[in-house]
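**Student:** Going down the list, the sequences are from chains V and W. When we follow the working numbering, the leftmost residue of the first sequence carries the number 24, and every step to the right adds one. When we follow the working numbering, the leftmost residue of the second sequence carries the number 6, and every step to the right adds one.
Any given hint could turn out to be false.
Derived CB-CB ranges, DEER-like [said to hold, decoys possible]:
#: 1; chain 1: V; residue 1: Lys119; chain 2: W; residue 2: Val158; range: 39 to 49 Å
#: 2; chain 1: W; residue 1: Val23; chain 2: V; residue 2: Pro155; range: 27 to 37 Å
#: 3; chain 1: W; residue 1: Asp116; chain 2: V; residue 2: Trp97; range: 46 to 56 Å
#: 4; chain 1: V; residue 1: Ala171; chain 2: W; residue 2: Glu102; range: 17 to 27 Å
#: 5; chain 1: W; residue 1: Asp103; chain 2: V; residue 2: Ser79; range: 20 to 30 Å
Below, a sample of chain W positions facing chain V; criterion: calculated Cβ distance under 8 Å [what the hints assert, rightly or not]:
#: 6; residue: Val64
#: 7; residue: Val145
#: 8; residue: Val146
#: 9; residue: Gln153
#: 10; residue: Asn155
To be clear about the criterion: a stretch of chain W counts as covered by chain V if any three or more of its residues have a C-beta under 8 Å from a C-beta of chain V, and this derived list gives those stretches [unchecked claim]:
#: 11; stretch: 9 to 20
#: 12; stretch: 90 to 98
#: 13; stretch: 110 to 119
In case anyone wonders, no lab produced these hints; they're calculated from the structure. These figures come from a predicted structure and were not determined experimentally. Just so you know, even glycine gets a beta-carbon here, dropped at the ideal spot from N, CA and C.
Spelled out, the chains give:
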Amino acid sequence: MIEPGSAAPEFVLKRADGSDFTRADLEGKTTVLVFYPFAFSPVCTDQLNLYDEVLSDLHERGATMYGVSCDATWSQTAFKERLGVTIEQLSDFEPKGAACRAFGVYHPGGFPQRALVIVNPDLTVRWSYEAPSPGDLPGANLIFDGLAA
Amino acid sequence: MSELGSAPVPGPDGDDHVRGAAAAPIVIEYADFECPFCAALDERLAELPARIVFRHFPVRSSHPRARAAACAAEAAHLQGRFWEMHDSLFADQGRLEDPHLWRRAEQLGLDLERFDADRRSESVLARVQRDFRSGVRGGVVTTPTLFQFNDGVAVPTDADALALLLAQR
Chain V
24 MIEPGSAAPE
34 FVLKRADGSD
44 FTRADLEGKT
54 TVLVFYPFAF
64 SPVCTDQLNL
74 YDEVLSDLHE
84 RGATMYGVSC
94 DATWSQTAFK
104 ERLGVTIEQL
114 SDFEPKGAAC
124 RAFGVYHPGG
134 FPQRALVIVN
144 PDLTVRWSYE
154 APSPGDLPGA
164 NLIFDGLAA
Chain W
6 MSELGSAPVP
16 GPDGDDHVRG
26 AAAAPIVIEY
36 ADFECPFCAA
46 LDERLAELPA
56 RIVFRHFPVR
66 SSHPRARAAA
76 CAAEAAHLQG
86 RFWEMHDSLF
96 ADQGRLEDPH
106 LWRRAEQLGL
116 DLERFDADRR
126 SESVLARVQR
136 DFRSGVRGGV
146 VTTPTLFQFN
156 DGVAVPTDAD
166 ALALLLAQR
């Protein structure tokens, strides 16, 4: 996966309204990208629920969190609404997994690895983490470790 | 703003809710009152010869009433009835709305007006958040999560492992 110190790659993801979210959208702020395998799957559900609980702490540190998966925007929106979380979702649906590949987190099974990437306002990667397996849920503490790194 | 980066799960202190024989092995439990697995675990833990430290870990989007229930337990604690409220909440997780919490408070003989003010207070919320944040820092990601606390170190465990360990003592 992409290493700390690397430049953030070029990529195009889709926001819920269908507009593009690109590398340029990362500029000038600290961004936490949460790559997760599948909307509605059990671990991803627990993960977004937990991270939503610490969003205000992230905001206090000037960081913005996004969830990234290869699900379609409609599926992501339904997932977000079903959970009742506020983490904005970004879709890597078509071409499938292109952004995940750019960050080096595309699983051979056709879904994102469970991975976390923090990008600095200057578009360099501050910190990255890939879970030992897609079934492992990284604690929210790791994100704050990454922000302090 | 307190830190949320990694830190060991702290051992029991004077603010913790603790029950069980003083000399028994210490088990730290992160749980929420709306979590059915926590209620089931609570029954198992009650059968073990352990000293239980209960900590709140409410996650709103998983269990929308978990935080309110945690605050109710803390408000009951301010009138000396934490464990009674704890047991009552786990005994009937289908009734966690405000009127159900008031009913419980009445049944426990609490001063209802004080209970209602306390459960909505910032200090009670901060007490609940203290537990949640210590869990986050210790890597807790879901409920229930158990740790055995021994020689100043909290080690993750589960009910089966605990039962086996305690049976061997």
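**Student:** Now look at each hint and say whether the structure bears it out.
**Tutor:** Each hint, compared with the structure:
1. Lys119(V) / Val158(W): 39 to 49 Å: Between Lys119(V) and Val158(W), where Cβ atoms are some 45 Å apart, the hint holds.
2. Val23(W) / Pro155(V): 27 to 37 Å: 34 Å, holds
3. Asp116(W) / Trp97(V): 46 to 56 Å: 51 Å, holds
4. Ala171(V) / Glu102(W): 17 to 27 Å: 40 Å, violated
5. Asp103(W) / Ser79(V): 20 to 30 Å: 24 Å, holds
6. Val64: 5 Å, holds
7. Val145: With Cβ-Cβ at 7 Å, under 8 Å, it holds.
8. Val146: 5 Å, holds
9. Gln153: The hint is violated - Gln153(W) has no Cβ within 8 Å of chain V, the shortest such distance being about 19 Å.
10. Asn155: 22 Å, violated
11. 9 to 20: holds (count 4)
12. 90 to 98: violated (count 0)
13. 110 to 119: violated (count 0)
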